[in-house]
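Which chain is which? The protein sequence lines are U and Z, in order.
The numbers in the working numbering rise by one with no breaks, and the one at position 44 of the first sequence is 46.
The numbers in the working numbering rise by one with no breaks, and the one at position 69 of the second sequence is 654.
Calculated from the structure, these hints are not laboratory results.
Remember, it's a predicted structure, so these values are computed and weren't measured experimentally.
Please note: incorrect hints may appear among the correct ones.
What the hints assert, rightly or not - Computed from the model, here is a short list of chain U residues facing chain Z with C-beta under 10 Å:
no.	residue
1	Phe30
2	Glu89
3	Ser91
4	Phe93
Said to hold, decoys possible - Just a few of them, taken from the derived set where beta-carbon distance is under 7 Å, the chain U residues facing chain Z:
no.	residue
5	Leu46
6	Leu48
7	Thr84
8	Pro88
9	Leu100
10	Trp101
11	Gly103
12	Pro112
13	Gly113
Unchecked claim - Straight-line Cα separation of at most 25 Å, DMTMM-like style, residue types lysine to aspartate or glutamate; simulated pairs:
no.	chain 1	residue 1	chain 2	residue 2
14	Z	Lys654	U	Glu89
15	Z	Lys654	Z	Glu605
16	U	Lys22	U	Asp67
17	Z	Lys634	U	Glu65
18	U	Lys68	U	Glu24
19	U	Lys22	Z	Glu651
20	Z	Lys634	U	Asp67
21	Z	Lys691	U	Glu54
22	Z	Lys654	U	Glu105
23	U	Lys66	Z	Glu649
24	Z	Lys694	Z	Asp593
25	Z	Lys691	U	Asp29
26	Z	Lys654	Z	Glu600
27	Z	Lys686	U	Glu65
28	U	Lys16	U	Glu89
29	Z	Lys643	U	Glu105
30	Z	Lys634	Z	Glu649
31	Z	Lys691	U	Glu61
32	U	Lys16	Z	Asp670
33	U	Lys43	U	Glu61
34	U	Lys57	U	Asp29
35	Z	Lys686	U	Glu106
36	Z	Lys691	Z	Asp670
Glycine residues also receive a C-beta, built at the ideal position from the N, C-alpha and C atoms.
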Amino acid sequence: GAVVSQHPSRVICKSGTSVKIECRSLDFQATTMFWYRQFPKQSLMLMATSNEGSKATYEQGVEKDKFLINHASLTLSTLTVTSAHPEDSSFYICSAPLWAGGEETQYFGPGTRLLVL
Amino acid sequence: AQSVTQLDSQVPVFEEAPVELRCNYSSSVSVYLFWYVQYPNQGLQLLLKYLSGSTLVKGINGFEAEFNKSQTSFHLRKPSVHISDTAEYFCAVRTQGGSEKLVFGKGTKLTVNP
């Protein structure tokens with residue numbers, strides 16, 4: 003099946019620094035990718051929709067200046083957490099949709115665990 | 586807007602026992618329904634999905650789910666579970682013909698004990 007990768011898998015940073023997380027669709031192209039945030043023992047909350055060649059669409063309550071999204075190519079989207087603070091510590095997961103046979107399936111990356119000290 | 590309710594946050598069962606994980610949804614428009622499984626520190630893997638047609642959907646790893654429009658439910662079942670089925674299970678919906686955005690339930694932690 004289709005594969006979506008994320009890098010890094012785990013990152014620890016100091017408060018006030020910025021962290022970039024990459025999401026790649028390895029064997030298919032994706033004009034759209036999605037970024038989710040998952041707190042411990044909670045569900046995935048959609049943060050934003052990453053659109054190749056245009057601005058990302060953010061969900062209500064998500065600060066676009068803090069969570070910068072760039073969809074640089076048809077296989078790469080990046081999420082940059084700017085001036086990270088301890089409350090930004092979370093599990094970040096991306097997904098990319100693949101259309102085949104008239105059906106769409108979302109493929110998820112393995113996630114990136116961010117710890118801000 | 587859509588919402589998904591997974592009433593059971595935790596479900597413990599013994600190995601080889603049957604299991605049902607409940608999912609109810611709310612939407613003013615027609616939706617597609619999904620079940621995903623998440624193993625510790627991993628991303629989500631699609632178990633099965635309902636798009637149209639038969640309301641009984643079979644997925645991977647022996648799981649199946651039944652779409653019930655009148656009860657707005659999409660419960661997940663497996664007749665005999667294995668230790669390896671221990672994981673977090675998420676029900677999700679997406680509007681038909683709209684955005685590809687998924688709305689997730691809070692998840693159900695399935696623990697299979699020997």
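_Please verify whether Lys634/Z and Asp67/U have alpha carbons no more than 25 Å apart._
Outside the cut-off at roughly 35 Å; violated.
*Hey, Lys643/Z versus Glu105/U, does the alpha-carbon distance stay inside 25 Å?*
Given that 25 Å is the threshold and the Cα spacing comes to 16 Å, the pair holds.
*Hey, Lys686/Z versus Glu106/U, does the alpha-carbon distance stay inside 25 Å?*
Within the cut-off at roughly 11 Å; holds.
*Per the CB criterion, is Glu89/U less than 10 Å away from chain Z?*
It is violated, given that the least Cβ distance between Glu89/U and chain Z is near 20 Å, above 10 Å.
*Holds or violated: Lys634/Z with Glu649/Z, Cα cutoff 25 Å?*
With Cα atoms ~9 Å apart, Lys634/Z and Glu649/Z stay inside 25 Å; holds.
_Restraint: Thr84/U near chain Z, CB-CB cut 7 Å. Satisfied or not?_
violated, 24 Å
*Would the pair Lys654/Z and Glu105/U pass a check requiring their Cα atoms to be no farther apart than 25 Å?*
holds, 21 Å
*Restraint status (C-alpha distance of Lys66/U to Glu649/Z at most 25 Å)*: violated, 39 Å
*Between Lys691/Z and Asp29/U, does the CA-CA distance stay at or below 25 Å?*
violated, 30 Å
*chain Z contact restraint on Pro112/U - CB to CB distance below 7 Å*: holds, 4 Å
*Has the given pair, Lys654/Z with Glu605/Z, been kept, meaning a C-alpha gap of at most 25 Å?*
The hint holds at about 18 Å.
*Have a go at the Leu100/U hint: is there a Cβ in chain Z nearer than 7 Å to its own Cβ?*
Violated, about 10 Å.
The structure shown violates the earlier hints numbered 1, 2, 3, 7, 8, 9, 10, 11, 14, 17, 19, 20, 21, 23, 25, 26 and 32.
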